[in-house]
Amino acid sequence: MNLLKLELKKNLKGSIIWGIVLSGVLLLYLAFFPSMTDAGFSELLYSKLNMLPKGLLESLGLAEVPDFSIFMECYSYVFQFLVIAFAIYAMILGTKSLSSEEGNKTIEFLYSKQITRMQIAISKMLASILLILLVSIFLIFTSIISNLIFSNGSDIEIILKINKIMLLPIFVYWAIGFAISSFLKSDSKSIVIALSIFFGSYIIGIIAVTIKKLDMLIYLSPINYNVTSDVFKVLVGRKGATLNIAGLIISAIIIILGVAATYIKYNKKDLLN
Amino acid sequence: MKKDRKIIIEIKDLCKNYGKARGVTKVDLKVYEGETFGFIGPNGSGKSTTIRTMLNFLFPTKGEIKIFGLNAVTDSSSIKKDIGYVPSEVNYYEHMKVIDLLNFAASFHDNVDSKRIKYLCDKFELQENKKINELSFGNKKKISIIQALLHHPKLLILDEPTNGLDPLMQKRVFEVLEEEKENGMTIFLSSHNLSEVEKYCDRVGIIKEGEIVDIKDVSKINFGTTKKIVINTDKKIKLKLSGITDESYINNELHFKYEGDINVLLKEINKYEIKDIAILPLTLEDSFMEYYGSR
Chain U
3 MNLLKLELKK NLKGSIIWGI VLSGVLLLYL AFFPSMTDAG FSELLYSKLN MLPKGLLESL
63 GLAEVPDFSI FMECYSYVFQ FLVIAFAIYA MILGTKSLSS EEGNKTIEFL YSKQITRMQI
123 AISKMLASIL LILLVSIFLI FTSIISNLIF SNGSDIEIIL KINKIMLLPI FVYWAIGFAI
183 SSFLKSDSKS IVIALSIFFG SYIIGIIAVT IKKLDMLIYL SPINYNVTSD VFKVLVGRKG
243 ATLNIAGLII SAIIIILGVA ATYIKYNKKD LLN
Chain D
139 MKKDRKIIIE IKDLCKNYGK ARGVTKVDLK VYEGETFGFI GPNGSGKSTT IRTMLNFLFP
199 TKGEIKIFGL NAVTDSSSIK KDIGYVPSEV NYYEHMKVID LLNFAASFHD NVDSKRIKYL
259 CDKFELQENK KINELSFGNK KKISIIQALL HHPKLLILDE PTNGLDPLMQ KRVFEVLEEE
319 KENGMTIFLS SHNLSEVEKY CDRVGIIKEG EIVDIKDVSK INFGTTKKIV INTDKKIKLK
379 LSGITDESYI NNELHFKYEG DINVLLKEIN KYEIKDIAIL PLTLEDSFME YYGSR
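Protein chains in written order, with my numbering: chain U, 3 to 275; chain D, 139 to 433.
Below, computed lysine-lysine pairings styled on DSSO-like, alpha-carbon distance capped at 27 Å:
hint, chain 1, residue 1, chain 2, residue 2
1, D, Lys235, U, Lys107
2, U, Lys11, D, Lys235
3, D, Lys219, U, Lys267
4, U, Lys11, D, Lys256
5, D, Lys278, U, Lys12
6, D, Lys204, U, Lys270
7, U, Lys271, D, Lys150
8, U, Lys187, D, Lys200
9, D, Lys235, U, Lys7
10, D, Lys278, U, Lys15
11, D, Lys219, U, Lys107
12, U, Lys270, D, Lys150
13, U, Lys270, D, Lys158
14, D, Lys278, U, Lys187
15, U, Lys107, D, Lys292
Far from chain D, by Cβ distances over 10 Å, these chain U residues were calculated:
hint, residue
16, Phe43
17, Ser49
18, Asn52
19, Glu159
20, Ile213
21, Ala248
These are computed hints drawn from the structure, not numbers from a lab. By construction, the Cβ of each residue, glycine as well, lies at the ideal position given by its N, Cα and C atoms.
Go ahead and model the full structure; you've got the sequences and the hints to work with.
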């Protein structure tokens, strides 16, 4: 419990900043929504979008161009990019979590106290889960406020569901980050490693979406299993809309494996520094 | 007498390899309740590896360590309830204040109150409200000593504890350790400061190239009639006498050890023109120095 408190205190400021920045970006994009409802603007937008190559549209998550004059279509399109940023934050948080103690050499102090490696890992995991949920609360709050402003609060229930479901890919990258952290001897390269893995998998995901022959590669990119706009369509019961169930199962498996790998590796780890 | 005393640390056939690099190859030792056990050896001999394995920072490749009769790997957390550890390097959460760090350290134990923290901070003249990143190495070292003593540990493991402290504080450290020893605390002291080891330790374990090469009872070490001689001379001289060992020239000084009749030595020296001479008794430090020799 004492380590959990310390972790929360140490990382709270960073989480609040991430929450504010992501909320600001969401508000900034949704501020364009009123102009989207203008018929002339919509027409211009769609005509321009239709001129773009199909592959490019697919890579931008516009395989089916949303109706931007509907708040939730606009919201879910913007939100998928926030999920990417949020996943990066979660992965960095996970990757730095255990390795930063070794990088700063404070781990020697912790190891000399009456606390097991397992308890250290659990405390750090719980702290980072709470910090991720804090960022999520910022996003939920901003989403609800913007819905109240632009759509009279008619979609709050769906917004809450989307925010809940989209935590799944966030925790996938968090778990991958933690597993990596348990192998690192220092946090000096943790951000580079986290970003390389994230964008590596994201690019593979884009390739899988744009080149049909390589569509199985999508499973190397958890962020692309179920994008926000697809989740929204399923939630409103749009015809033909389905969730990638295999993606959901694989996400759950990655989280379980990531957590298990962290415990197994960290419990047997020599402190070499 | 030792047979009646409780064993606090028991290391049997300890081996720790880091891949191709050697850590320790064979460490066997016992430390008894209430004693101060010195642990010395050259750099890279395996002192820190032994300590880090005792504290389960490292897992042994072979062998077993028992502390308070408990296994240092499987019962590490229970053991640490009664252990205080002062590392040679001091790395703490830099953004914290001294008092926050000490409160955090205290939170791992249920027998520490604010009076104890205040007492130790006053004793070591440490300002509680300073931020750790504003402190000098010596003051950080004080934190490491205080956090290790907060909970009245039954076993205190010290790795170069006085490194970075001024002489007054070095003395203060051992005064406080003596106070704690009266309550039955056992001390395991790893240090390069041999006079410190000589002054405060009951027994000394010597480790070299990953192996314990000797364990000595400090009070029973007898140097016989051997003396340490230092002769200051402008010209190099060669004494033709038996009983002279460890001869070396340092600047204009001839250093050697002599065992035999001192009158015979003085007669021999008298044949040469010298500027000064010192005849010194051998100390434990001199005895230990042989272990720091060629590897």
